[in-house]
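Read off the chains here:
Number of protein chains: 2
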Amino acid sequence: MDIKKNKDGICIDNFKASGLKIGNQGVALIVNDDLCKSVGVFTRNNVKAAHILLDRKKLESGIQAIIVNSGNANCCTKNALNDAEKMCEIAAEELGMDPDNVAVASTGIIGKELDIEVIGKLIREAGKNLSEAGSHLAAEAIMTTDTLPKEISLEFKGIKIGGIAKGAGMIAPNMATMLCFLTTNANLGREELQDALAKSIENSFNMLSIDGDMSTNDTVLLLSNESFDCKAEDFEVVLDYATMVLAKMLAKDGESSTKFIEVEVSGAVDNETARRGAKAVVSSNLVKAAVYGENPNWGRIVSSLGSVMELNFEKTDIEFQSERGKAVAVKRGKVNDLKKVEKILKGKEIRILVDLNSGKARATAFGCDLTPRYVKLNAEYN
Amino acid sequence: MDIKKNKDGICIDNFKASGLKIGNQGVALIVNDDLCKSVGVFTRNNVKAAHILLDRKKLESGIQAIIVNSGNANCCTKNALNDAEKMCEIAAEELGMDPDNVAVASTGIIGKELDIEVIGKLIREAGKNLSEAGSHLAAEAIMTTDTLPKEISLEFKGIKIGGIAKGAGMIAPNMATMLCFLTTNANLGREELQDALAKSIENSFNMLSIDGDMSTNDTVLLLSNESFDCKAEDFEVVLDYATMVLAKMLAKDGESSTKFIEVEVSGAVDNETARRGAKAVVSSNLVKAAVYGENPNWGRIVSSLGSVMELNFEKTDIEFQSERGKAVAVKRGKVNDLKKVEKILKGKEIRILVDLNSGKARATAFGCDLTPRYVKLNAEYN
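Each protein sequence line maps, in turn, to chains A and B.
Under my numbering, the very last position in the first sequence is 533; numbers go up by exactly one each time.
Under my numbering, the very last position in the second sequence is 533; numbers go up by exactly one each time.
The hints are simulated quantities; they were obtained by calculation from the structure and are not laboratory data.
Heads up, some of the hints might be wrong.
If several chains are the same, the list does not tell them apart, and a pair holds so long as it fits within one copy or across any two.
Pairs of lysine-lysine, DSS-like flavour, derived with a Cα cap of 30 Å [to be verified]:
| no. | residue 1 | residue 2 |
| --- | --- | --- |
| 1 | 308 | 272 |
| 2 | 466 | 208 |
| 3 | 158 | 477 |
| 4 | 382 | 497 |
| 5 | 158 | 308 |
| 6 | 167 | 511 |
| 7 | 527 | 399 |
| 8 | 494 | 188 |
| 9 | 399 | 229 |
| 10 | 494 | 158 |
| 11 | 511 | 156 |
| 12 | 527 | 497 |
| 13 | 482 | 466 |
These figures come from a predicted structure and were not determined experimentally.
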């Protein structure tokens, strides 16, 4: 596929961005000259951060700016809804636009009152520093326990998609403590955009598991400046590519992880079984700990598959791949010499391929290993 | 309740036991003079160890002995079924009984061929050392990553129940890599015994989560010598007490854990919601890591509840208890000073009480904290 990689990050066309941090409080701002056609997908957690309640209403009327804060989830506090509205108002005032056209998002710790004084100051500062080269600063400003900013800028048949994302912890199948903001020039209907985004997320962010915990704040917003006429199917190609790359970036930067894990389950009787199986393996603490320890414990893979599906072990193949090559651990239920698997596991990007040899459905899930440092980090994070 | 604690372990009445280990391979034997009325409950994992396939058939005709090996799960290997049968045959020969009346169970690593030479030798040795004081040796012999043997012996209105169990890792809601053997004198019908056992396990072992992984080997067997006539309801009282005490012993000895965690969800609209909520909190890696770090991060409790139920945070109370006292963290959605919660968390046995104030249902789940040592242990275990 002829997908071009650009350097604009989220600042495709006329989009501008900025971002800054004081201590662990950050603010990012993404702005367009005009109202954008906007859609979003949000966490399925029944406890939802304040920004999600606001954004849902605002999306219909169109969004011109997104204001994001990191370090505080603005969730489960007395003033959460007020503070989220206040963030929009401050940004709107600074940018000279209607607060109804400013979307908001938050990421960080749950249940601490937001310091609206500090955040307000950061928002005003961000408003003064908007630039077409600001994507990287925005991507950095939304980081919490991330170690690297996540940015992408793609072009395919004239369709542009820019994006930034943050991830790290509390990432379970069905979104994550993740935020992702996408911009595009694709001139499509709202329903087409919404459908494309929802489908795209099913196979990318919703197949991502860092620690099995589902966050209250997960948000993906997509803004289109509607400047380029295109086919929905072409848009979907580049959108799927973008969300997949970003999802893998999140997995690779999973909290305190040392290895990326990709699990592909093929030969399943149906898609749902393949998805469930791939997610079960990539979410298993024991599989994740084994990968960390470079330990070819395929039994834990079989056990986690068996916990969510009918499994015929006599038909099952399990192969390991990494930069170090590939090795079959189990072929039709027979165990190979595992010395070679141990070598594969010394790589940094581990693929586990399970073929159930029972059908044609296939699914892939992403994640990372479980490390002693992960536990230490999350024992102390507040 | 007037439940008496005896010192016999599993050796109530005429039951005998023995156990021994060579390296990490162990064997335990539990024997009665006559055939026992026998029932069992097994893992819901679709991948099942060989012993489960055998035992299911044998239970109907009655069991006189149970042979158990630790260190090898005897699951997903070429000879698994043969080896399980062989274990029964060797024990039957040594004890002079029919192999059809010998039940078998295994716990340990999945997918490694069992060394039937070594296990056979241990079985014969165990057969020669049976005694009415052998319960403790049997409890020790079935340990894998357990640090303490788990034994119980209770008496209530003449009804006796003895039991041994092993747990440690791969323990998810819906049984565990756990084995539990129970003996009783209760003269009840097979259906009464089976119903009582199934119900009892729902609220004890099935509310236990060490690491969210469901094992292929989980087995609870109950043998009755039928020597004491009693009411089923009285039997249930003491059985529920026994399985609850054993489940808590398993939680307290969770792999590399430093703290026991009990989560009670009350005020739920129905039992299923209460159960789901309690299990979600006790299974959350982030909650477990926070407890390890003595970090009053109630936001993770709310988030994990919200991932499995409709939650009205404004109605929710969260209280922490331990040997150090008790402290309310959240009252009707308002956050208290958390300094006192920090002190409570310095205890070893942490209770988290969530009142949803939305109904009358209540459920309790058990588990332990997640520690850096857990990850190290499971990175290396093989």
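Hints violated by the structure (numbers, ascending): Hints 1, 3, 4, 6, 8, 9, 10 and 11 are the ones this structure does not satisfy, whereas the remaining hints hold.
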